[in-house]
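Student: As a plain string of letters, each chain reads:
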Amino acid sequence: MEIKEDKIDGHVVVSLSGRIDSTAAVEFEEKLIEIIDRGVHVMVIDFLRVQFISSAGLRVLLLAAKKVKPYGGKLLLCDMSKDVREVFDISGFSSIFEIHENVTNAVTAIKKTN
Amino acid sequence: MTSSQHLTLHFSNSAEEAPRIARRVEYFLHDHQIPDTIINKLLLCVDELITNIIAHAYTDKEEHAVLLECRLSDSAVELELRDDGVQFDPTTQTRPNTQLTLENRDIGGLGIHLVMTLMDKVEYQREGDFNVLKITKILD
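Just so you know, the sequences run in chain order H and D. Heads up: the first sequence begins at 1242 in the numbering used here, then just goes up one per residue. Heads up: the second sequence begins at 40 in the numbering used here, then just goes up one per residue.
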């Protein structure tokens, strides 16, 4: 897994690539916690280059979402493949995360709520 | 593809083994022209099942050997995992409540739920000291 952080229109976008599995989970969690601890409570997570995500990766997302919630924050997810989306649907995570088509739409959604 | 193809992997119950297993299974399936969408579903399931074995199968701190076999035919991919850990039948576990809101949501049982839903068949048998789990994905 590779994880990259960018800023688009002043908003943090975390791009993931590869397998978000049990091996990747530690680094994934460390990265998200590091961002949140900096005071960033709203961020986009881009799944464009994600091969698949297993429950280990979903656990990290859940943890991060719970961590930002008290601050009124949220994670916006985008660019999921059909297969990745299916895993979110099966696990019921589609209803607890905001999922957008692409980064542009996700960033627009953040601007609308600000 | 007209012949049956077979992959056998032995590994120990250590988290460090997971990437190697994933790579081997991925290369094997890719070499046999299995579609990416099916490869990814299988790799996801392998990650879930291996993680479970590493985390829960053993109560000692010893190294244990686990066997993974992958069998291809024209109609399906079959993957079998064999470990000598405590008896555990994933097919009879309680499924998580996927309707809960964020605050109440937990991750327990989700891995097995994904395996049971993504695979076409999940079969468990206890053979003597071994848990034998076979997952099957049918090829269209």
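No lab work stands behind these hints, which were simulated from the structure alone. Treat the numbers as computed from the prediction; the structure is a model and nothing was measured. Be aware that one or more of the hints could be misleading.
To be verified - Each pair of labels, with its calculated beta carbon distance range:
1) 1280/H - 164/D: 33 to 39 Å
2) 1280/H - 59/D: 22 to 28 Å
3) 1323/H - 142/D: 28 to 34 Å
4) 145/D - 1278/H: 22 to 28 Å
5) 1345/H - 133/D: 37 to 43 Å
6) 51/D - 1343/H: 48 to 54 Å
7) 1251/H - 103/D: 48 to 54 Å
8) 1280/H - 45/D: 31 to 37 Å
9) 1278/H - 45/D: 45 to 51 Å
As the list claims (entries may be wrong) - SDA-like mimics (lysine to any residue), calculated; alpha carbons at most 20 Å apart, straight line:
10) 1310/H - 62/D
11) 1307/H - 162/D
12) 1310/H - 52/D
13) 1307/H - 173/D
Quick reminder that beta carbons are idealized off the backbone N, C-alpha and C, glycines included.
Student: A separate judgement is required for each hint: does it hold in the structure or not?
Tutor: The hints, checked one at a time:
1. 1280/H - 164/D: 33 to 39 Å: Check failed, 52 Å falls outside 33 to 39 Å.
2. 1280/H - 59/D: 22 to 28 Å: For residue 1280/H and residue 59/D the Cβ distance comes to about 39 Å; the hint is violated.
3. 1323/H - 142/D: 28 to 34 Å: 29 Å, holds
4. 145/D - 1278/H: 22 to 28 Å: Holds - the Cβ-Cβ distance for residue 145/D and residue 1278/H, about 23 Å, lies within 22 to 28 Å.
5. 1345/H - 133/D: 37 to 43 Å: 41 Å, holds
6. 51/D - 1343/H: 48 to 54 Å: Between residue 51/D and residue 1343/H, where Cβ atoms are some 42 Å apart, the hint is violated.
7. 1251/H - 103/D: 48 to 54 Å: About 51 Å separates the Cβ atoms of residue 1251/H and residue 103/D, which means 48 to 54 Å holds.
8. 1280/H - 45/D: 31 to 37 Å: 53 Å, violated
9. 1278/H - 45/D: 45 to 51 Å: 48 Å, holds
10. 1310/H - 62/D: Judged against 20 Å, a Cα distance of about 36 Å means the pair is violated.
11. 1307/H - 162/D: The given pair, whose Cα atoms are some 35 Å apart, is violated under the 20 Å limit.
12. 1310/H - 52/D: Violated. Residue 1310/H to residue 52/D sits at ~36 Å, over the 20 Å cutoff.
13. 1307/H - 173/D: With a Cα-Cα distance of about 35 Å, the restraint between residue 1307/H and residue 173/D is violated, given a limit of 20 Å.
Checked against the numbered hints above, the structure violates hints 1, 2, 6, 8, 10, 11, 12, 13; every other hint is satisfied.
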